[in-house]
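Dock chains X and R against the given chain F, drawing on the hints supplied.
Protein chains in written order, with the working numbering: chain F, 761 to 1208; chain X, 132 to 259; chain R, 1263 to 1767.
Please note that the accuracy of each hint is not assured.
Unchecked claim - DSS-like, lysine-lysine: derived pairs with alpha carbons at most 27 Å apart:
| # | chain 1 | residue 1 | chain 2 | residue 2 |
| --- | --- | --- | --- | --- |
| 1 | F | Lys1068 | R | Lys1716 |
| 2 | F | Lys1068 | R | Lys1435 |
| 3 | R | Lys1759 | X | Lys236 |
| 4 | F | Lys1068 | F | Lys918 |
| 5 | F | Lys1068 | X | Lys197 |
| 6 | X | Lys197 | R | Lys1672 |
| 7 | F | Lys918 | R | Lys1595 |
| 8 | R | Lys1358 | R | Lys1716 |
| 9 | R | Lys1759 | F | Lys1068 |
Don't read these hints as lab results, they were simulated from the structure.
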Amino acid sequence: MLAVIGVDCVEDLFADIPDALRLSRELNLPAGMAEQDVYAKLRELAERNVSCESELSFLGGGMYDHYVPSLIDSILSRSEFLTPYTPYQPEISQGGLQVMFEYQTAISELTGLPVSNASLYDGPSAVGAAAYLAKLANGRPRLVVSAGLHPHAREVLKTLSAGFATEVVEVGLRDGVTDPDELAAAVDEQTSAVFLAQPNFLGAVEDLESLVAIAKPSGALLVCSCDPLTLGLLKPPGELGFDIAVGEGQTLGNRLDFGGPSFGFFAASQEHLRRMPGRIVGETTDVDGRRGFVLTLQTREQHIRREKATSNICTAQALNALAGVIYLSWLGRRGIVELCELMVQRTAYARDRLTALEGVTALHSQPVVREFAVVLDVPVEPVIERCVAAGVNPGYPLGGDYPEYPNGLLVAITEQRSRADIDRLVDVLGAAVAQQAAIGATAVGAGV
Amino acid sequence: MADASYPDDLLYHHEHDWARIDGDVATCGITWFAQEALGEIVFYEPPQVGTTIVQDQPYAEVESVKAVSDVIAPLSGEIIESNTALADSPEAINDDPYGAGWLIKVRLSDQSERDSLLDAAAYSATLE
Amino acid sequence: MSLQGLETAQQRDRARTIFEKSKPGRRAFVGPALDLEPRPLDDLIPAHLRRAQPARLPEIAEPEIVRHYNRLSKRNFDLDTGFYPLGSCTMKHNPKLHERVAGLPGNARLHPLQAPAQAQGALELMFNLQEALGEIAGLAHVSLQPSAGSHGELAGVLLTRAYHEDRGEHRTKILTPDTAHGTNPATVTMAGYEVVKVATNSDGGVDIDDLRSKADEQVACLMLTNPSTLGLFEVNIAEIAEIVHGVGGTLYYDGANLNAIVGISRPGDMGFDIVHYNLHKTFTQPHGGGGPGSGPIAVCDALEPYLPRPQIVARESAGGGGTIFDLDYDRPKSIGRLRGFQGNYGVFVRAYAYICSLGAAGLLEMSQTAVLNANYLLALLKREGVAEYLPVAHDQLCMHEFVLCGTPMKRDLGIRTLDLAKRLLDHGVHPPTVYFPLLVDEAVLIEPTETETKETLDDFAAIVADVLREAGEDPSVALNAPYTTPVRRLDEAGAAKRPVIRQAM
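Bound conformation, chain F alone:
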């Protein structure tokens, strides 16, 4: 090969790199390893994580331990889905393109909005993308955000708004849902977009209809950050007057993976078609009249419109979106409703039983589907530690994200948590709260 090139050695190929810029030593990294040794090393690391496989977990807060059916693993491991690049050559990418078309259809069905792209990075970044669309659409200077949005999504809005010069105003919660009076006071003709969540971070199902009625007259774009799985039961944002629906797609057949990769979805009303971020697949025909699919409306995108693009996004999350559309086909029209109703029943049961415990009260009284929040009478962190020691992870402590609830606990009940599991949570959490209260009482007694 060197002779064909006309050089003596491989080093000659790097002649353009000035000596001063060469690394004159080997990289300071360990030596390479055999496959079996790499496997052993990574298995050892993985075993030091406590996953939902090895404890009884009630963690939620944006990602949920739903069952991922086997057919997803099987289909996603096919090299024809796993290893191609973005379908820039449609003639040899019809499989992936049709998957995206089916995915767009499914997202439109769930959200009630006619336009869906082929996926974004994740839920919070999709919220950020909605803010940028609003900026392109109306150029107004302010975003109004319910405190019920995922804390990570709210932080993304602040991060991005430093770039496109919008102000972010937060609207607080009252009894677990967006405070309508505060919303009314915050929204005006300077509002570019209003962000509401369904269900919100505290698990509450918001009465979106009344909130939309408050925000809509301002002319701001209305953005609903929603969970796609519970949209199997809840009223779709498109029917409620939202312009945009975004959210985290992990709940649709994607594993937890410590937070990623999953996908974000992005749907909008027809008038925003040409402002959409990311890839969109459209149907067409080939020269012989056969049905086919292509990436379309590409003039929106960075590789063509460059500095005037509707977004800088290039890579989407195609494989994760494929998992999503397989999952929705597996659940089907009736299954998604059955799954949601099962979660509603078990979550109601868990909420009743937990809030019947001494020292545990409901944080809010709103309807819930899969997740609810409680407040403990005692510090939450040591209670969690006690539960974890007993093999039960009782949920996510809220104090870091909501300082007004220093001892709040967010508890998620997926279909993988049976009544027996919930009963065990009740026993373990009840005991832990009681033990913590006893210590507290002793400490107070000693103090006196």
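Quick look at chains X and R alone, frame taken from chain F:
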């Protein structure tokens, strides 16, 4: 329109735009060369009547499948008519760039600007 | 052409969506039994909050779902099947070990809000990956959070903004070369800066005089990739860094082309202040038909305070019990988050497995082989029968990729770069990147990667020569290609004029 054509009765802007001046009104569009370079035009959003445009500045965009291009105003003035039919049939810009594919009619604000435009021969020469 | 009018088996298999295969009453899902006394749904979720009608999802049994997607998969070309010399995309082999380790329950079912004490293995892996990436780039401080190259760019430009504003400076412009990836200017706009283009000189490098004339106190940053999108090493990089730093700007490294120089030269040593990595390119995350990816960034000391949060940190445990890994949120100057949780962890597992497998010597060999393969293929394509139609855009040694120019092919053979690409499909190889970089007319950007054998490269060169020879005899063959693919050329203009983007119900 299959073959290159640059009618003599038009004036041309070097950014591939044409103007047909009739009194204080000019009809404007893009040249055969521009539509040929872009390929099949798939999207054009007609600008609003009443908009003021400025010579050498963009006033609209034309899009093909894989390109988007600014349309440059050959002359300054106020748009008094916009070819809204193109929103549904942008291919008219390819098929008949100097006829059905016209983009806007402008009431001119500065007649002297026409002196900076090229005639058909001079414009054709810039394409070689 | 005799193939016209005939249909392959795949072509006879007309596209029908999963929604069209739905039949009322069919299903795959069997849910867990309800193990408690149900309460009326209306008492739990009032009717006005619920859907009136179920979403029209498919009704279909599991065997038909599996067949549907398996049949669809056969309508895709993929890297495990054939050569994929897609320039700028680094389509290298995806080792199968990576899927196995990413799928271990300790990774796949680890909840992102698990307390750090119960996620020590994951945090240690991420910390080790940060350290390795920092060493590879020669910039010590790494954030794994961004989810793609363009996301890394946005992080990098936003922290450039934070850095300048922290010093009381409000700069307005960012410089990008005219050969830049489209993500660069798009990112600049999203971050609130004006794009100023810098010209390219006749050797394919940055035009230094043009850069000097545009570098002023309003310039926040210069974004560059090295090797450039032309596959050439920017020999004046030290001078470029001096100019940009001289006006107080930062120098950003687009890591799309890092595969050429790992272990050979480091962006940090070239004077770059920020880099992004494409883990899905250099560190071989499978592309998944368009994601997921991951775009970590590394920065110099001065920019460290502005990195996204949380950061993964190592601390010595108080009791002397060894190192403890943690998430550090206490970063008051941080630009904040760009996404949820800790980034695309599943991608980190694969990238880390790759770095462990190759080690220092293996990574060096990786880049050397990538450059060797590119230069070998370039040499083959410079031979008679190809070079007169597809001359190399810049005739010098290339790095990991190179650009050919299809102008003579168009003029002399009557076929365009697009037609060449489409005819290659009939030969069972993926075409190179076409019409990028924009600077080269009828561009063909070829990146073979270290994965390929000499035989694969020989075959590809022979196929290109064959297509050109065939075009010389009858250009209509290429003009109407492909013939053997599941569908033939598609009406993209029609799709854009009247967008149909979901299945009609």
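Structure-based check of each hint:
{"no.": "1", "hint": "F/Lys1068 x R/Lys1716", "result": "violated (42 Å)"}
{"no.": "2", "hint": "F/Lys1068 x R/Lys1435", "result": "holds (15 Å)"}
{"no.": "3", "hint": "R/Lys1759 x X/Lys236", "result": "holds (25 Å)"}
{"no.": "4", "hint": "F/Lys1068 x F/Lys918", "result": "holds (22 Å)"}
{"no.": "5", "hint": "F/Lys1068 x X/Lys197", "result": "holds (14 Å)"}
{"no.": "6", "hint": "X/Lys197 x R/Lys1672", "result": "holds (19 Å)"}
{"no.": "7", "hint": "F/Lys918 x R/Lys1595", "result": "holds (13 Å)"}
{"no.": "8", "hint": "R/Lys1358 x R/Lys1716", "result": "holds (23 Å)"}
{"no.": "9", "hint": "R/Lys1759 x F/Lys1068", "result": "holds (21 Å)"}
The earlier numbered hint that this structure contradicts is number 1, and it is the only one.
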